[in-house]
Amino acid sequence: MRLVSRLLGRRSDRAPYAIFGGIAAEAYKTRSLRSRLMPVPIPEKLVLPLSQNLDVDAVAIVEAGDLVQKFQPLAEAGEPGSVALHAPTSGLVSSISNATVADEFGSQRLCIHLQTDGEDRAIETVPEADYSALDHLQLLERIERAGICGLGGAGFPSAQKLSLGVKSGIDLLIINAVECEPFISADEALIRERGASVVVGAEILQSACLASNCIIVLQEDKADAIEALRKALEDSSIELMTLAARYPVGGEKQIIQAVTGMEVPSQAYPASIGVLVFNAGTAYAVYKAIVDGEPCVSRITTLTGAPLQTPKNFETLIGTSVSFLFDLCGIDTTRHTGTIVGGSLMGIQLPTLDVPVMKTSNCLIAMSAAEFPPDEPELACIRCGFCAEACPARLLPQQLYAFSRAHDHEQNLAHGLFDCIECGACAYVCPSHIPLVQYYRASKAEIRGQQARQLQSQHWQQRFQQHQYRIKQRRDEAPHQVSGDAVGPKNDDEPGNKNRSHGDGGKTEAAVFSRERAKREIAEAVARVRARRAGHIASSRTDAESDS
Amino acid sequence: MQTQRSAIVISSPMQHSQRSTGRLMLLVIAACIPGVATATWYFGFGVLINIMLAASMAIVLEACALKLRGRDIRLHLSDNSALVTAVLFGIAMPPGASWWLVAMGIFFAIVIAKHIYGGLGQNLFNPAMCGYVLLLLSFPVEMTSWHIPNDALVDGSSFSAFSLAGLRQSLMVSMPVFGGAQMSSPDSIDGLAMATPLIEFKMAGTSALLAAWDAGVSGFSRDSGAAWELVNMGYLCGGLFLIYKRIISWHIPCAIIATVTVMSTLYYAPGSSAIYGTPYLHLFGSATMIGAFFIATDPVSAATTVRGKIYYGIIIGLAIYGIRVWGSYPDSIAIAVLLGNFCAPALDYLCRPRIYGHGKKSRTVPTAELKS
Ligand code: SF4
Ligand code: SF4
Numbered sequence: 001m002r003l004v005s006r007l008l009g010r011r012s013d014r015a016p017y018a019i020f021g022g023i024a025a026e027a028y029k030t031r032s033l034r035s036r037l038m039p040v041p042i043p044e045k046l047v048l049p050l051s052q053n054l055d056v057d058a059v060a061i062v063e064a065g066d067l068v069q070k071f072q073p074l075a076e077a078g079e080p081g082s083v084a085l086h087a088p089t090s091g092l093v094s095s096i097s098n099a100t101v102a103d104e105f106g107s108q109r110l111c112i113h114l115q116t117d118g119e120d121r122a123i124e125t126v127p128e129a130d131y132s133a134l135d136h137l138q139l140l141e142r143i144e145r146a147g148i149c150g151l152g153g154a155g156f157p158s159a160q161k162l163s164l165g166v167k168s169g170i171d172l173l174i175i176n177a178v179e180c181e182p183f184i185s186a187d188e189a190l191i192r193e194r195g196a197s198v199v200v201g202a203e204i205l206q207s208a209c210l211a212s213n214c215i216i217v218l219q220e221d222k223a224d225a226i227e228a229l230r231k232a233l234e235d236s237s238i239e240l241m242t243l244a245a246r247y248p249v250g251g252e253k254q255i256i257q258a259v260t261g262m263e264v265p266s267q268a269y270p271a272s273i274g275v276l277v278f279n280a281g282t283a284y285a286v287y288k289a290i291v292d293g294e295p296c297v298s299r300i301t302t303l304t305g306a307p308l309q310t311p312k313n314f315e316t317l318i319g320t321s322v323s324f325l326f327d328l329c330g331i332d333t334t335r336h337t338g339t340i341v342g343g344s345l346m347g348i349q350l351p352t353l354d355v356p357v358m359k360t361s362n363c364l365i366a367m368s369a370a371e372f373p374p375d376e377p378e379l380a381c382i383r384c385g386f387c388a389e390a391c392p393a394r395l396l397p398q399q400l401y402a403f404s405r406a407h408d409h410e411q412n413l414a415h416g417l418f419d420c421i422e423c424g425a426c427a428y429v430c431p432s433h434i435p436l437v438q439y440y441r442a443s444k445a446e447i448r449g450q451q452a453r454q455l456q457s458q459h460w461q462q463r464f465q466q467h468q469y470r471i472k473q474r475r476d477e478a479p480h481q482v483s484g485d486a487v488g489p490k491n492d493d494e495p496g497n498k499n500r501s502h503g504d505g506g507k508t509e510a511a512v513f514s515r516e517r518a519k520r521e522i523a524e525a526v527a528r529v530r531a532r533r534a535g536h537i538a539s540s541r542t543d544a545e546s547d548s
Numbered sequence: 549m550q551t552q553r554s555a556i557v558i559s560s561p562m563q564h565s566q567r568s569t570g571r572l573m574l575l576v577i578a579a580c581i582p583g584v585a586t587a588t589w590y591f592g593f594g595v596l597i598n599i600m601l602a603a604s605m606a607i608v609l610e611a612c613a614l615k616l617r618g619r620d621i622r623l624h625l626s627d628n629s630a631l632v633t634a635v636l637f638g639i640a641m642p643p644g645a646s647w648w649l650v651a652m653g654i655f656f657a658i659v660i661a662k663h664i665y666g667g668l669g670q671n672l673f674n675p676a677m678c679g680y681v682l683l684l685l686s687f688p689v690e691m692t693s694w695h696i697p698n699d700a701l702v703d704g705s706s707f708s709a710f711s712l713a714g715l716r717q718s719l720m721v722s723m724p725v726f727g728g729a730q731m732s733s734p735d736s737i738d739g740l741a742m743a744t745p746l747i748e749f750k751m752a753g754t755s756a757l758l759a760a761w762d763a764g765v766s767g768f769s770r771d772s773g774a775a776w777e778l779v780n781m782g783y784l785c786g787g788l789f790l791i792y793k794r795i796i797s798w799h800i801p802c803a804i805i806a807t808v809t810v811m812s813t814l815y816y817a818p819g820s821s822a823i824y825g826t827p828y829l830h831l832f833g834s835a836t837m838i839g840a841f842f843i844a845t846d847p848v849s850a851a852t853t854v855r856g857k858i859y860y861g862i863i864i865g866l867a868i869y870g871i872r873v874w875g876s877y878p879d880s881i882a883i884a885v886l887l888g889n890f891c892a893p894a895l896d897y898l899c900r901p902r903i904y905g906h907g908k909k910s911r912t913v914p915t916a917e918l919k920s
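Top line first, the protein sequences correspond to chains C and A. Its first residue numbered 1, the first sequence is counted upward by one per residue in my numbering. Its first residue numbered 549, the second sequence is counted upward by one per residue in my numbering.
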């Protein structure tokens with residue numbers, strides 16, 4: 001409510017707030033925006049990873065040999081974090097087996113392999129022109145069924161994010177079309193050509209999370225897209241805000257700061273301060289899911305980079321291989337030195353081209369030696385502080401770097417290592433070419449490993465103590481016949497079993513009981529750590545996501 | 549670290565800005581040019597010789613130190629940091645200092661103050677100033693005698709400081725070898741201990757530059773007494789250039805200059821005559837400008853947080869003024885900067901900025917939460 005009053009109070013002067021730090025990175029967007037948004041021809045083969053965010057696998061509901069039609073569900077959402085998967089076109093499920101996916105390690109994940117038949121026969125869809133006929137639970141259910149996840153990069157399931165928002169109450173829904181990564185232009189192309197649908201998608205999202213306000217945010221250098229949105233927003237309650245071009249103003253935490261002046265508390269979700277951020281591409285997918293009744297089977301992907309003859313934005317079927325797309329753009333293989341999926345600042349470099357586009361793949365960059373010269377050797381940190389100036393989380397990257405080198409994780413934690421969103425602004429400006437983000441990732445991994453080990457050792461310690469307790473108990477009980485009294489008072493001393501009921505007598509029963517309880521407690525602890533870790537990942541990823 | 553880093557093949561960001569440490573350092577040296585040129589004009593070639601001597605020795609010593617530490621010599625020499633140390637050290641040395649004095653100072657600066665501490669980035673103290681202070685403590689007489697070739701002082705309108713005679717004289721002072729077998733007789737060199745105006749308070753209260761202009765003499769003529777003022781102006785210009793190029797931030801120089809100005813105004817204003825010197829004299833009569841813009845801003849040994857930099861500047865400013873006025877060393881920049889260096893780590897720790905997402909009140913990160 002605080003926010004609402006602020007919004008009302010500021011209605012006349014909707015000036016964005018300043019974010020911390022940031023950099024002015026040279027943009028390379030115009031070349032991919034020269035041509036119109038184009039649908040990609042259907043490739044012969046599609047590979048659909050069961051996990052679209054490379055985290056949790058969905059559960060396949062088809063088998064090898066099945067004939068499927070376009071939009072037919074292939075996999076259902078299973079554990080939290082997974083989203084349903086649908087056939088992007090008609091064809092034959094040739095196998096469900098491991099294949100290389102688009103991450104920096106070239107790892108293998110379970111994928112559904114689809115042999116397309118080129119006929120593109122679709123199952124019947126249920127369009128719903130008037131979405132206001134649906135209440136928010138129905139909307140949520142349809143969004144979930146359509147398999148929509150954050151299309152900006154992190155791929156957090158949208159329905160889960162929305163219901164999380166409904167639970168904590170949302171004042172403001174931000175549609176993020178900022179796209180501050182220098183190479184990505186997918187959202188800009190989308191809004192330029194389908195602005196009206198994005199606006200409808202935003203309205204649907206707004207009613208799905210019961211947000212009182214909605215605002216679409218763009219970077220002010222996107223004149224065409226702003227023009228298109230102005231038109232689409234003429235009789236809508238949704239507002240438009242433009243931000244000065246600055247990386248990473250499109251990060252989730254940064255866009256919230258820019259729009260509201262508030263900061264997302266450390267380690268918390270934006271929903272905790274009444275804000276939700278969705279990517280413009282996600283809004284468009286929601287529009288398709290509700291209004292056209294079509295599940296998420298394609299996305300807009302920017303194909304760019306100097307080795308491509310015709311860089312452009314493609315409407316790509318999920319599962320299309322990267323090399324197929326590059327060939328369509330006429331790639332000059334002699335100049336091609338590497339491939340980035342995502343942006344040049346937060347993306348990852350692919351070890352191989354033979355990987356499929358996923359729901360999260362917003363941009364593919366063909367690298368050339370001219371645009372991406374090989375990394376210069378790392379020199380000593382001269383503590384110039386440029387990195388601290390650029391850090392949007394207001395950390396001291398030079399200190400984190402020193403602590404990471406010294407493996408001083410206590411200091412790392414005290415200096416906010418886990419508040420680092422891995423935006424890379426620090427490494428971008430570092431005159432000594434230190435791959436700072438790499439150090440932070442290593443430190444984070446080390447700390448998580450330590451925490452996991454600690455938990456495990458606690459577990460063993462607990463078991464050992466229980467073991468000793470049982471021995472002691474047996475020794476105590478041996479001479480004089482057991483009675484409830486003898487066991488009763490001692491139960492309170494048993495580690496990890498404070499709340500045990502007294503006087504139940506039987507020793508084996510007690511032992512079994514305590515063992516089970518310990519097991520449960522450990523399982524709970526492990527789950528807590530998992531959840532927290534997922535939180536870290538989600539928060540660092542959602543920053544990436546909403547960036548684009 | 550190596551093993552973990554190799555696990556992540558190539559890490560984002562893949563795009564980088566064009567700035568590099570080696571180029572930054574060269575720009576710092578370039579920014580010294582106006583000040584050094586002016587100083588050479590007034591004090592003769594001794595200034596340049598000091599810098600050249602220091603620079604060549606520094607490069608050799610740096611290369612040796614890198615070799616001993618098993619580092620890639622060419623790569624690490626390319627950061628040009630030894631060169632900057634040498635230039636600053638050379639500027640600080642009195643013109644006409646003997647070559648062995650320069651050698652001793654630069655050895656201490658590069659090998660002891662920098663590499664023993666772990667090389668660039670690890671040194672707690674500004675190496676150039678460490679070398680300088682060591683010499684100041686060990687050779688106080690030599691370090692305060694300014695040998696200006698008498699040719700350079702003869703006639704304000706002639707260019708004799710740049711004539712070969714002046715150069716030869718300067719060389720003879722610093723390296724007697726050049727004088728040939730007949731050791732330079734003291735007569736041929738003006739062993740003038742040319743102190744900075746602050747040492748001789750006779751100038752206090754007036755600007756020699758203005759006085760010279762009032763008297764119809766060009767401020768650039770050597771007998772106008774405006775030398776220090778113009779040298780300081782030179783460094784001021786260089787410093788502003790560095791700020792404009794965003795190589796240094798304004799915080800440290802501004803804090804130092806503001807503190808010195810405030811202190812000297814406070815103590816001057818009560819009207820107790822000019823004992824303490826005018827604010828103007830404090831800013832332009834000695835090495836304040838080079839100290840504020842070039843020496844205190846050495847990033848490695850300075851504070852690196854924004855608020856830390858301001859406190860760091862204030863500490864140095866106070867020390868400059870305090871040592872000058874109440875202390876027994878005539879020039880206080882070096883000691884003041886070392887004092888600031890000493891405080892910098894603590895300042896950085898205390899002045900950590902509030903991290904995004906951490907409440908304004910809770911300054912400390914809830915580490916327990918992460919570790920539990
Ligand atoms: S930008 Fe690089 S060299 Fe400068 S302080 Fe940061 S880490 Fe060190
Ligand atoms: S990567 Fe982390 S430390 Fe570096 S600028 Fe971004 S948030 Fe700050």
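No lab work stands behind these hints, which were simulated from the structure alone. A few of these clues could be false.
Coverage of chain C stretches by chain A, computed from C-beta distances (three or more under 8 Å per stretch; other residues unrestricted) [unchecked claim]: (1) 41-54; (2) 67-73; (3) 83-91; (4) 415-423; (5) 432-444.
Partial pick of chain A residues on the chain C-facing surface, computed with a CB cut under 10 Å [to be verified]: (6) Ser604; (7) Asp620; (8) Leu623; (9) Gln670; (10) Ser686; (11) Pro688; (12) Thr692; (13) Lys793; (14) Thr826; (15) Thr852; (16) Ser876; (17) Asp896; (18) Ile903.
A few chain A residues facing chain C, derived, Cβ under 8 Å [said to hold, decoys possible]: (19) Arg567; (20) Thr569; (21) Ile664; (22) Gly667; (23) Arg855.
Just so you know, even glycine gets a beta-carbon here, dropped at the ideal spot from N, CA and C.
- Query: Going through the earlier hints one by one, which of them does the structure break, listed in rising order?
  - Reply: Hints 1, 2, 3, 6, 10, 11, 12, 13, 14, 16, 21 and 23 contradicted; others consistent.
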